[in-house]
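K.L.:
Okay, here's what each chain looks like letter by letter:
2 protein chains.
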Amino acid sequence: MKKSQEFVQQHKERFLEELFDLLRIPSVSAQSEHKGDMVRTAEWLREALLKAGADRAEVMPTEGNPVVFAEKIVDPAKPTVVVYGHYDVMPEDPKGEWLTEPFEPVVKDGRIWCRGADDDKGQLYMHAKAFEAMVAAGELPCNVKFMLEGEEEIGSPSLYGWCEQNKELVKGDIILVSDTSMVSWQQPSITCGLRGLCYMQVEVTGPDHDLHSGLFGGAVANPANVLCDLINKLVDENGRITIPGFYDDVRELTPEERENFNKAPYNKENYMKGIGVEELAGESGYTTIERTGVRPSLDVNGIWGGYTLEGTKTIIPSKASAKISMRLVPNQNWEKIAVLFEDYFRSIAPATVKVDVKSLHGGQPYVSPTDMVAYRAAEKAVEESFGVRPLPFFSGGSIPIVSGFESILGMKSILIGFGLSKDAIHSPNESFGLEQFYTGIETIIRFYKHFSAMSAE
Amino acid sequence: MKKSQEFVQQHKERFLEELFDLLRIPSVSAQSEHKGDMVRTAEWLREALLKAGADRAEVMPTEGNPVVFAEKIVDPAKPTVVVYGHYDVMPEDPKGEWLTEPFEPVVKDGRIWCRGADDDKGQLYMHAKAFEAMVAAGELPCNVKFMLEGEEEIGSPSLYGWCEQNKELVKGDIILVSDTSMVSWQQPSITCGLRGLCYMQVEVTGPDHDLHSGLFGGAVANPANVLCDLINKLVDENGRITIPGFYDDVRELTPEERENFNKAPYNKENYMKGIGVEELAGESGYTTIERTGVRPSLDVNGIWGGYTLEGTKTIIPSKASAKISMRLVPNQNWEKIAVLFEDYFRSIAPATVKVDVKSLHGGQPYVSPTDMVAYRAAEKAVEESFGVRPLPFFSGGSIPIVSGFESILGMKSILIGFGLSKDAIHSPNESFGLEQFYTGIETIIRFYKHFSAMSAE
Chain Y
0 MKKSQEFVQQ
10 HKERFLEELF
20 DLLRIPSVSA
30 QSEHKGDMVR
40 TAEWLREALL
50 KAGADRAEVM
60 PTEGNPVVFA
70 EKIVDPAKPT
80 VVVYGHYDVM
90 PEDPKGEWLT
100 EPFEPVVKDG
110 RIWCRGADDD
120 KGQLYMHAKA
130 FEAMVAAGEL
140 PCNVKFMLEG
150 EEEIGSPSLY
160 GWCEQNKELV
170 KGDIILVSDT
180 SMVSWQQPSI
190 TCGLRGLCYM
200 QVEVTGPDHD
210 LHSGLFGGAV
220 ANPANVLCDL
230 INKLVDENGR
240 ITIPGFYDDV
250 RELTPEEREN
260 FNKAPYNKEN
270 YMKGIGVEEL
280 AGESGYTTIE
290 RTGVRPSLDV
300 NGIWGGYTLE
310 GTKTIIPSKA
320 SAKISMRLVP
330 NQNWEKIAVL
340 FEDYFRSIAP
350 ATVKVDVKSL
360 HGGQPYVSPT
370 DMVAYRAAEK
380 AVEESFGVRP
390 LPFFSGGSIP
400 IVSGFESILG
410 MKSILIGFGL
420 SKDAIHSPNE
430 SFGLEQFYTG
440 IETIIRFYKH
450 FSAMSAE
Chain V
0 MKKSQEFVQQ
10 HKERFLEELF
20 DLLRIPSVSA
30 QSEHKGDMVR
40 TAEWLREALL
50 KAGADRAEVM
60 PTEGNPVVFA
70 EKIVDPAKPT
80 VVVYGHYDVM
90 PEDPKGEWLT
100 EPFEPVVKDG
110 RIWCRGADDD
120 KGQLYMHAKA
130 FEAMVAAGEL
140 PCNVKFMLEG
150 EEEIGSPSLY
160 GWCEQNKELV
170 KGDIILVSDT
180 SMVSWQQPSI
190 TCGLRGLCYM
200 QVEVTGPDHD
210 LHSGLFGGAV
220 ANPANVLCDL
230 INKLVDENGR
240 ITIPGFYDDV
250 RELTPEEREN
260 FNKAPYNKEN
270 YMKGIGVEEL
280 AGESGYTTIE
290 RTGVRPSLDV
300 NGIWGGYTLE
310 GTKTIIPSKA
320 SAKISMRLVP
330 NQNWEKIAVL
340 FEDYFRSIAP
350 ATVKVDVKSL
360 HGGQPYVSPT
370 DMVAYRAAEK
380 AVEESFGVRP
390 LPFFSGGSIP
400 IVSGFESILG
410 MKSILIGFGL
420 SKDAIHSPNE
430 SFGLEQFYTG
440 IETIIRFYKH
450 FSAMSAE
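From first to last, the protein sequence lines stand for chains Y and V.
Heads up, the final residue of the first sequence is numbered 456 in numbering that gives the first Met the number 0, and it's a clean run with no missing numbers.
Heads up, the final residue of the second sequence is numbered 456 in numbering that gives the first Met the number 0, and it's a clean run with no missing numbers.
There could be a bad hint or two in this list.
Same chains, same names: a pair is fine if it fits in one copy or spans any two.
To be verified - Straight-line distance between alpha carbons at most 20 Å, and here's what the computed PhoX-like set of lysine-lysine pairs gives:
| # | residue 1 | residue 2 |
| --- | --- | --- |
| 1 | 421 | 71 |
| 2 | 50 | 353 |
| 3 | 166 | 107 |
| 4 | 267 | 50 |
| 5 | 448 | 335 |
| 6 | 448 | 357 |
| 7 | 267 | 353 |
| 8 | 77 | 11 |
| 9 | 353 | 262 |
| 10 | 379 | 411 |
| 11 | 107 | 11 |
| 12 | 272 | 353 |
| 13 | 262 | 2 |
| 14 | 353 | 107 |
| 15 | 357 | 379 |
| 16 | 170 | 411 |
| 17 | 272 | 166 |
| 18 | 272 | 335 |
| 19 | 170 | 77 |
| 20 | 262 | 170 |
| 21 | 107 | 34 |
Quick caveat, the hints were computed from the structure, so don't treat them as lab data.
Treat the numbers as computed from the prediction; the structure is a model and nothing was measured.
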């Protein structure tokens, strides 16, 4: 693969310029005003994959945002790698906290600053460029398919159906995903577990219009106060979620598993410094690594109600709402949890208010076995690039569709992500190191080499 | 006063057109973008009072919005009525719930629909027109001064200082205020007590930027969840405020006072229907009339944090905030309560977050004695207009400056308001009945007659 790696070195600057064009399109899937941007991004990727060497590339419509599919079949007898990535990004909100324009990439301090720089445009584009390099160098050792969606950040609602309808088209031996992070640049890792997600929205309604808080204060249930009470009842003082049945399917780790799991490098001071807090919190009896990797969690993602602008307004608001999501761990089922949540939330609401509960999206947890060929190939590729053997690591994040790939397509996924926690994905000032981008491309090329060779053994 | 009342009948339509011009100016004191509108409104009122017959009228600058002062001195030996009103209004937010434009008055079903139609532009303009009618008819029986401010809805921060500096200018025998409501149109009332107000804003900060809720969920205190917990801790399950010392200065009513107080007409079904709730709430052991009239209360007026737009965003927000106000009852002191609130809120906050607490504004509770001349004159005027003897009534609302008038100017206030609960002040679709407006003007003229006559006795 020497020529492929040389090709990368020769075209580094062009690769970056192309990525910048991709980053400039504000492909925010959560906001309907960006509908046109989603199609533009898909078209852009289709052309980029054709130019990179695909035999065919298509923008395939779905009920939501289109899927970009592309492939290069070098020999039907050889293994096939299916690259998955997503071209949609998180909203820029809160815009005021960005130090640069959210959709205008800037290189500073060796990093690309832009929404999507890491998650997932930067990471998916590494695959397009690794592919181009291998094709250009005449070294592509296997078949490659690309399946790029535009709805990952909203739970991939259309990709499940697309996979059902395109099982043959997308058939392959392994799904290759770069949409995760490493423990650190010094301690690379391969993600072998992902938490699931159950994302709910609740609305509490009191009076049918905002009331004067002087004339009515003290005589009427205030939906904002009630919402606080209800949210507070969802987690107890030991950090345990109180929804009846919530933990029923959670498997407790064995002492040995816990011991292994806690071998991952973790420095409490650095961890706290990285996020700017002076004390951590969480479920009693578990370490931070366990709390984020193999224990479920519940968080308010957003809350709003009443007067939230400058100054004062003396009202009892008519409504108050919150977005609340739960991360789930292996064996939990998000659809079951959504029902448990709704039942419990309704059951604890007082008769003085009305509540509305809906499930916005969800995804099942996923485990990637460390004994499969793809894992061993990835391990070798990462070790060659970093000079350090990567740790298998359970990530707290979720890529709901990954468990869908297994159930619908019967394919396992290998998660080689090059993100770092400082990339601040989903936050203002998202960034991606140039070194991460280029090392990612090199490592992906190495993965193709080892995976093809090991599969042939 | 026959000629004055005839004058009103002859000029009804013009009075309404003028009020509409006043209502069209969006004089929202809480929002700095309306700074220019405040000055426009003050200038408009100055001219209107000159035209109505004032000898002098001035727009007097303050550190905030200007005070409009006007007067007509018919005879220094006669009593002087000081009319107080406020030309600022509440924000229109939430705009989506208005059935008409918030600042374009419309008459429908015999009512004026517009922000400020009642509170307080509609009510203050009744005074300008009653004054005009008496001047035009040559029947003005005493001296009149107008003191109209533009900051009542934000706690009158500048009027206290203005009063200190203009004690002589504004000197008089009674302050006449129409900024309250009646029990009902069938059961008119005169407000003899107002609750005080202590309005706070709190901010809870967790991590120094929004975090990915998958990667960090379970290991970090979520400021939105913590805020809910803290708010929940402010009121116990019996509806009692938990802030230590909060009730220290609250005087318990005697059984006799409670009995009298509860004689006011109250129909639970109608009360609930009027605000669209199926059950009431509040402090155990007290009636609805007591809960809103003579017991303190605590309400979240607004709450916000994290992602609140369409769809989903999987974050642990960095911050969450709330506006929280308390209504206070006689003997409570808002400055003391603000300190107690802040101390308590800080004391219950966990070490996993930082909290910021500030006091936005406040005002002392007020009691208007029923044995003063002005009360008896008002009682007679209302009885003549309505054919029913008005009840003395404790309102749950606050007009903080009213207690300031007593402490700074040494003058009592008489609160003859013509509002009704259906006017929906501070809410979308505020309105004011044409009958309320015209009956108000007539009753004010009657008040002048009786007050002058009784003062001369």
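K.L.:
Now look at each hint and say whether the structure bears it out.
P.N.:
Do the hints match the structure? See the list:
1. 421 with 71: neither (35 Å within a copy, 70 Å between copies)
2. 50 with 353: This pair counts as neither: shortest intra-copy Cα distance 56 Å, inter-copy 52 Å.
3. 166 with 107: neither (43 Å within a copy, 62 Å between copies)
4. 267 with 50: Cα proximity of residue 267 and residue 50: none, with 46 Å in one copy and 73 Å across.
5. 448 with 335: neither (42 Å within a copy, 73 Å between copies)
6. 448 with 357: neither (46 Å within a copy, 62 Å between copies)
7. 267 with 353: between (43 Å within a copy, 19 Å between copies)
8. 77 with 11: neither (29 Å within a copy, 92 Å between copies)
9. 353 with 262: The answer is neither: 48 Å in one copy and 32 Å across copies each exceed 20 Å.
10. 379 with 411: within (18 Å within a copy, 87 Å between copies)
11. 107 with 11: within (17 Å within a copy, 69 Å between copies)
12. 272 with 353: So residue 272 and residue 353 pass the 20 Å test across copies only (15 Å; inside, 42 Å).
13. 262 with 2: So residue 262 and residue 2 fail the 20 Å test inside a copy (38 Å) and across (94 Å) alike.
14. 353 with 107: Neither: 50 Å inside a chain and 31 Å across chains, both beyond 20 Å.
15. 357 with 379: For residue 357 and residue 379, neither the intra-copy (45 Å) nor the inter-copy (57 Å) Cα distance is at most 20 Å.
16. 170 with 411: within (12 Å within a copy, 85 Å between copies)
17. 272 with 166: Neither: 46 Å inside a copy, 57 Å across copies.
18. 272 with 335: neither (37 Å within a copy, 38 Å between copies)
19. 170 with 77: within (13 Å within a copy, 98 Å between copies)
20. 262 with 170: For residue 262 and residue 170, neither the intra-copy (37 Å) nor the inter-copy (79 Å) Cα distance is at most 20 Å.
21. 107 with 34: For residue 107 and residue 34, the Cα distance exceeds 20 Å both inside one copy (30 Å) and across copies (41 Å).
Violation of the numbered hints given earlier is confined to hints 1, 2, 3, 4, 5, 6, 8, 9, 13, 14, 15, 17, 18, 20, 21; the remaining hints are satisfied by the structure.
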